[in-house]
Amino acid sequence: GAGVSQSPRYKVAKRGQDVALRCDPISGHVSLFWYQQALGQGPEFLTYFQNEAQLDKSGLPSDRFFAERPEGSVSTLKIQRTQQEDSAVYLCASSLRPGRNQPQHFGDGTRLSIL
Amino acid sequence: GNSVTQMEGPVTLSEEAFLTINCTYTATGYPSLFWYVQYPGEGLQLLLKATKADDKGSNKGFEATYRKETTSFHLEKGSVQVSDSAVYFCALTGGTSYGKLTFGQGTILTVHP
Numbered sequence: 008g009a010g011v012s013q014s015p016r017y018k019v020a021k022r023g024q025d026v027a028l029r030c031d032p033i034s035g036h037v038s039l040f041w042y043q044q045a046l047g048q049g050p051e052f053l054t055y056f057q058n059e060a061q062l063d064k065s066g067l068p069s070d071r072f073f074a075e076r077p078e079g080s081v082s083t084l085k086i087q088r089t090q091q092e093d094s095a096v097y098l099c100a101s102s103l104r105p106g107r108n109q110p111q112h113f114g115d116g117t118r119l120s121i122l
Numbered sequence: 017g018n019s020v021t022q023m024e025g026p027v028t029l030s031e032e033a034f035l036t037i038n039c040t041y042t043a044t045g046y047p048s049l050f051w052y053v054q055y056p057g058e059g060l061q062l063l064l065k066a067t068k069a070d071d072k073g074s075n076k077g078f079e080a081t082y083r084k085e086t087t088s089f090h091l092e093k094g095s096v097q098v099s100d101s102a103v104y105f106c107a108l109t110g111g112t113s114y115g116k117l118t119f120g121q122g123t124i125l126t127v128h129p
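Protein sequences, first through last, are from chains A and B. Heads up, the first sequence is in my numbering, so the first residue is 8 and it goes up one at a time. Heads up, the second sequence is in my numbering, so the first residue is 17 and it goes up one at a time.
Pulled out of the complex, with its shape left as it was, chain B reads as follows (with noise of 0.2 Å):
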């Protein structure tokens, strides 16, 4: 079956520092992926998303390229905020016509002023 690993957390780092979160997948055929975030107190939000091969999403900052040789999709951002720290989850579609999301286990972010 499908199935998405993301790199241990939480993940603590100063503002303006590099970020990555490592993304790794199992899937059949050719999967959709997404990164989503959820906010302190908010709801799951997407935040990118890549639907084939070598596809880079992004949006505020953040990118990721859909890596079918390495089954990856790191998450980055440059620079990093305080406003940036949240919950981020690595996601797939694949399997179904209609989009069920297998997701990652999360991974914590803070980000100190």
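Bound conformation, chain A alone (with noise of 0.2 Å):
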């Protein structure tokens, strides 16, 4: 497809399940983040891949959150032992290099639910 794709749209678990969220960049683009969006509020940085390579985990909340992106392509962030404030809205972007001024573009996001 021509744009960022995110699977599953919505995910329901229960607390202390593991979660995986797969993100499919367009293809070709060098930098990949992941955001986190709470109910009514902007999204908060996660990490960064520059391809393959995870250059900032600065934004994790905690090491029950991994993100990998082997191949340079697609990225999955996995969430060990979910617990309630880990729902939220969870965005990947990507951009065609890396630099400041240039555009993001964002998946739909993945609509996390921990019961």
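Keep in mind that the hints were calculated from the coordinates and are not lab data. Check before you lean on any hint, since a few could be wrong.
As the list claims (entries may be wrong) - Label pairs and their calculated CB-CB ranges:
| hint | chain 1 | residue 1 | chain 2 | residue 2 | range |
| --- | --- | --- | --- | --- | --- |
| 1 | B | T86 | A | R71 | 38 to 48 Å |
| 2 | B | M23 | A | N58 | 37 to 47 Å |
| 3 | B | S30 | A | Q61 | 47 to 57 Å |
| 4 | B | E58 | A | A27 | 41 to 51 Å |
| 5 | A | S12 | B | E85 | 38 to 48 Å |
| 6 | B | V98 | A | D25 | 19 to 29 Å |
| 7 | B | T86 | A | P110 | 31 to 41 Å |
| 8 | B | S74 | A | Q48 | 19 to 29 Å |
| 9 | B | Q61 | A | V81 | 39 to 49 Å |
| 10 | A | N58 | B | P26 | 32 to 42 Å |
| 11 | B | L62 | A | Q48 | 13 to 23 Å |
| 12 | A | P105 | B | E32 | 33 to 43 Å |
| 13 | B | G17 | A | P77 | 28 to 38 Å |
| 14 | A | P15 | B | Q61 | 13 to 23 Å |
In this text, a Cβ means the ideal position worked out from N, Cα and C, and glycines have one as well.
The two chains are supplied separately, each in an independent frame; assemble them into the complex guided by the hints.
Next comes the structure, spelled out in structure tokens:
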């Protein structure tokens, strides 16, 4: 497809379960970002990949959060032992190359609800 | 650290009214500034951007000017339409070379016929 694709669109899990969220960026895009958006708030940065290298994970809230992009394209965000405060929309964005002026293209997000 | 503050919402206007959504920022160095929009049921889309002081970004009748002296990037439109109803986010990149975005909390705009 032409845009950033995220799956699943909705995920419901019980507290304590592990979840995996997938992001397919635009083909050829070097930069990939994950953001977390709580209800009624703006997105907050989680982590950044340049190709397969995770260059910044300063926004990951705890060691329960793990992200990878092993081949420099598809990325997965994994949350272990989920807790209720993990409920949020998780957004993936990609840009053609690194740079502070580069527009980021966002997916529709995965809405995660922890019961 | 970097931060973005948007005016409190929600904002409700009649069609053809003038729109201003205020945005101020705190950042080290020289950030680039953005407005993103989220239409109902859709993902975030870039609306406009400005990369240096006094630049004006514009798109779809919306404008915003990068004001370094007041650290502001207010969004304006002369005549809003019902189809402009959405959530608007002010954002900046700065402090990293790769473009990590810092967002404001968003402003909900509703335009009535």
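Going through the hints against the structure:
1. B:T86 with A:R71: 38 to 48 Å: Holds - the Cβ-Cβ distance for T86 of chain B and R71 of chain A, about 41 Å, lies within 38 to 48 Å.
2. B:M23 with A:N58: 37 to 47 Å: Holds - the Cβ-Cβ distance for M23 of chain B and N58 of chain A, about 39 Å, lies within 37 to 47 Å.
3. B:S30 with A:Q61: 47 to 57 Å: holds (48 Å)
4. B:E58 with A:A27: 41 to 51 Å: violated (24 Å)
5. A:S12 with B:E85: 38 to 48 Å: holds (42 Å)
6. B:V98 with A:D25: 19 to 29 Å: Roughly 43 Å apart at Cβ, these two residues miss the hinted range, so it is violated.
7. B:T86 with A:P110: 31 to 41 Å: Cβ of T86 of chain B to Cβ of P110 of chain A: about 25 Å, so the range 31 to 41 Å is violated.
8. B:S74 with A:Q48: 19 to 29 Å: holds (27 Å)
9. B:Q61 with A:V81: 39 to 49 Å: violated (22 Å)
10. A:N58 with B:P26: 32 to 42 Å: holds (40 Å)
11. B:L62 with A:Q48: 13 to 23 Å: holds (19 Å)
12. A:P105 with B:E32: 33 to 43 Å: holds (42 Å)
13. B:G17 with A:P77: 28 to 38 Å: Cβ of G17 of chain B to Cβ of P77 of chain A: about 31 Å, so the range 28 to 38 Å holds.
14. A:P15 with B:Q61: 13 to 23 Å: holds (22 Å)
Taken one by one, the earlier hints fail for this structure at numbers 4, 6, 7 and 9, listed in ascending order.
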